[in-house]
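J.: Kindly generate the complete structure, drawing on both the sequences and the hints.
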Amino acid sequence: NPPAVMQFLGFEGLGWAKEGVLRSLNDLYAKNSWKAALPPVMLQFLEQDDSFFSTPINMHRQNWVWANKAVFDKAGIAIPTSWDELIASAEKLKAIGVT
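According to our numbering, the sequence shown is numbered sequentially starting from 223.
The hints are simulated quantities; they were obtained by calculation from the structure and are not laboratory data. Every residue, glycine too, gets a C-beta built ideally from N, C-alpha and C. The reader is advised that the hints may include incorrect statements.
[As the list claims (entries may be wrong)] Simulated restraints on C-beta separations:
| hint | residue 1 | residue 2 | range |
| --- | --- | --- | --- |
| 1 | P261 | T321 | 33 to 41 angstroms |
| 2 | F233 | A258 | 20 to 28 angstroms |
| 3 | P225 | K314 | 48 to 56 angstroms |
| 4 | T321 | N248 | 47 to 55 angstroms |
[To be verified] 27 angstroms max Cα-Cα, derived DSSO-like pairs, lysine-lysine:
| hint | residue 1 | residue 2 |
| --- | --- | --- |
| 5 | K240 | K257 |
| 6 | K296 | K314 |
| 7 | K316 | K296 |
| 8 | K316 | K291 |
| 9 | K314 | K291 |
| 10 | K253 | K240 |
T.: Here it is as structure tokens:
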């Protein structure tokens with residue numbers, strides 16, 4: 223007796239979908255316009271072979287980067303918005319003794 227509902231990390235569902243053990247949710251996606259409502263980057267984790275097999279219950283990243291705004295403000299450095307800016311900011315902070 224498989225469960226009616228389960229929770230897993232987005233990419234984990236891909237294997238289950240490839241095995242063919244998950245029910246298609248295409249009817250629910252169409253009825254509720256979920257595909258249009260979700261960020262396109264998420265669709266790769268929800269759809270396999272033109273069939274939706276899961277839907278998110280929350281959206282977040284597992285690899286967060288936190289910035290101490292007070293430290294950046296004191297150093298006169300803008301909060302980085304890209305990886306290149308993050309590396310450059312780290313170099314500037316390190317140069318003035320912030321570790």
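J.: Which constraints among the numbered hints does this structure fail? Numbers only, ascending.
T.: none
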